[in-house]
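Visitor: Sequence:
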Amino acid sequence: PPKELFELDQQKCFALQIKPERLREIRTQRMKQFNRSNTQYANLTNIKKEVSWIKNFYLRKGPKWPIIDTSNAGVVETAARIMEILDRRKGDAVA
737 PPKELFELDQ QKCFALQIKP ERLREIRTQR MKQFNRSNTQ YANLTNIKKE VSWIKNFYLR
797 KGPKWPIIDT SNAGVVETAA RIMEILDRRK GDAVA
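Going by the numbering used here, the sequence shown opens with residue 737, and the numbers climb by one from there.
Since the hints were derived computationally from the structure, they do not count as laboratory data.
The hints are all genuine.
Pairs of lysine to aspartate or glutamate, EDC-like flavour, derived with a Cα cap of 20 Å:
| no. | residue 1 | residue 2 |
| --- | --- | --- |
| 1 | Lys800 | Asp823 |
| 2 | Lys791 | Glu757 |
| 3 | Lys785 | Glu761 |
| 4 | Lys800 | Glu740 |
| 5 | Lys800 | Glu820 |
| 6 | Lys785 | Asp805 |
| 7 | Lys797 | Glu743 |
| 8 | Lys800 | Asp745 |
| 9 | Lys797 | Glu786 |
| 10 | Lys755 | Glu786 |
| 11 | Lys755 | Asp805 |
| 12 | Lys768 | Glu757 |
| 13 | Lys800 | Glu743 |
| 14 | Lys784 | Asp805 |
| 15 | Lys826 | Asp745 |
| 16 | Lys791 | Asp805 |
| 17 | Lys748 | Asp805 |
| 18 | Lys748 | Asp823 |
| 19 | Lys748 | Glu813 |
| 20 | Lys755 | Glu813 |
| 21 | Lys784 | Glu761 |
| 22 | Lys748 | Glu820 |
| 23 | Lys784 | Glu757 |
| 24 | Lys797 | Glu740 |
| 25 | Lys785 | Glu757 |
| 26 | Lys797 | Asp745 |
Could you put the whole structure together from the sequences, leaning on the hints where they help?
Guide: So this is what it looks like as structure tokens:
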């Protein structure tokens, strides 16, 4: 990751994660859209390694970053969750 990531206000950083099987579904569909055969890009073993690597990275380098599972959430739902956390940190949250 770029060093600039750690120069940012860490209260504004979030760790996004996804289940390997869901990421495989997304990548397989993406490959079909571009008329490409399944390559290592959608290989479940490789994806599991990627997901494991990023989880370990978050634990080592971003232990204060909230982890948000995006496996079953779209962009809007994920953004709403992030805004909810930011609002709560500022004391603006209703909940």
